[in-house]
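Residue-level listing of the chains:
Number of protein chains: 2
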Amino acid sequence: MKVRRSTRLVDMTIYFLKNPNTTTPLSYFTDKFKAAKSSISEDLAIIKNSFEETNMGSLITYAGARGGVQYQPYYHKAQLEKEILALKDEINGSERLLPGGYIFTSDLLGDPNWLKRIGRIIASKYSPGEVDAILTIATKGVPLAQSAAYNLNVPFYIVRKSTKVTEGSTVSINYLPWSSAEQVERMTLTRNTLKPESKVLIIDDFLRGGGTIMGMERMAEEFNCVVVDSIVLLEHTGEDTNTKTKSLLKVTDVNKENETIKVDVGNFLSL
Amino acid sequence: MKVRRSTRLVDMTIYFLKNPNTTTPLSYFTDKFKAAKSSISEDLAIIKNSFEETNMGSLITYAGARGGVQYQPYYHKAQLEKEILALKDEINGSERLLPGGYIFTSDLLGDPNWLKRIGRIIASKYSPGEVDAILTIATKGVPLAQSAAYNLNVPFYIVRKSTKVTEGSTVSINYLPWSSAEQVERMTLTRNTLKPESKVLIIDDFLRGGGTIMGMERMAEEFNCVVVDSIVLLEHTGEDTNTKTKSLLKVTDVNKENETIKVDVGNFLSL
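Residue numbers (our numbering), protein chains in the order written: chain A, 3 to 273; chain B, 3 to 273.
Among the hints, a few may not be true.
Heads up, the list lumps identical chains together, so a pair's fine if it works in one copy or across two of them.
PhoX-like mimics (lysine-lysine), calculated; alpha carbons at most 25 Å apart, straight line [claimed, not checked]:
| id | residue 1 | residue 2 |
| --- | --- | --- |
| 1 | Lys258 | Lys166 |
| 2 | Lys90 | Lys166 |
| 3 | Lys90 | Lys20 |
| 4 | Lys4 | Lys118 |
| 5 | Lys166 | Lys264 |
It is worth saying that the hints were derived from the structure and are not from the lab.
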């Protein structure tokens, strides 16, 4: 049965939002809606325009035999800056200083609306095919990894600090959690997860010294994978790191007397 | 500037999918699109119909001064059964038996497409306002909690088995991880998370004895909250539990000799 254009537009919009970073041949739509290719192309132009106007990303059309159309969720440059500034205000604007100079972020990391925005911020840096899998470490990296995975349409895998009987065979490595640490710790990943040769994006909630990120980089190598990038929500200052980790935000000042912090935009935008 | 109907339909569809379980007054749309109420109502009818036809849930209109329209993501009954059967086939269909009778699910819990479906399955049981917050326990409950939280548009909070310096003040309780356990364990939740009087949904990846779920129920009580329900992905048979936990799937047979398992539909649909 032929479908009215209005219904087709809504159905196609739903389809794209459900299937980000997935190439769909135009014939899928012409068959499904019993519509001419020219009509579908007009629909796609309307949807593309709306995605761009509402900061949802865009529709990209690929030519050729294996071509088709793909919804890519991202923020364009100006919106990306706005989103990171909004995140900065959210973290600066409330009482978040914890003893030891740590910053409280558990509320953000459990808020679906912030998580959706942060996931899209991270995804904005990568074109389809640039990342095959996301690696994170329990516990607070997980929500960030999941929200980025939703946008990039790739699986995410969780490195743990303890081995569980529910994991099956695992690979474990030793690492120094921070540069001046004296005690070596151990991280573990289930063997049957990361595929060899995967292009891996590492995501964690904070960076302080970089030992955990370096450990995850080594873990990815153990699985014969290539690390594309490592990204953290919040970089804590004061210690040099050897990694090229990208941070969305950076703690630039901790005033323990007044119990205030100052958080600035990290190097995510410039790197 | 007046907006064409086709653009309006796409923009409104995007808006609803971005803002599930959120009541928006009709005036928001008439203002935004400079359109008559009757036109917006026609649009809403088209979108509602598409949401229902594509198993995305529905649009619900509330009358009155604080009324408006709300997108509710859920599977209707027939689709809900299909989704749980698909999940059952996925788990039955592959080599998932681990030593000790545990089932390997790390792949599903890192797959954005399965997570989106499981989150919607769980959300299908609850009307807006029935759940204020989700409580889960690290690590493998987290992806399930997040996906349900995305659908229900409520925050989720993570109970941990260890205390971290990045958490701030916490509340800890002792619990017996399973009924015959001899060693008491300890679970911890950051104080500044669950609001008193919240209606809490507890989510975990598996149930075996029910001690962890009972611990989380006690934790919710410590925060003066009411537990609406507890839900697990997979129930392991063999031990009676005192809880009324709902399971999506249930392990009905573990054959250690042949290394096969049999998984059936849990009590989620019937309870």
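Taking the hints in turn, this is what the structure says about them:
no.: 1; hint: Lys258 - Lys166; in the structure: between (38 Å within a copy, 20 Å between copies)
no.: 2; hint: Lys90 - Lys166; in the structure: between (36 Å within a copy, 23 Å between copies)
no.: 3; hint: Lys90 - Lys20; in the structure: between (29 Å within a copy, 22 Å between copies)
no.: 4; hint: Lys4 - Lys118; in the structure: neither (35 Å within a copy, 30 Å between copies)
no.: 5; hint: Lys166 - Lys264; in the structure: between (39 Å within a copy, 22 Å between copies)
The earlier numbered hint that this structure contradicts is number 4, and it is the only one.
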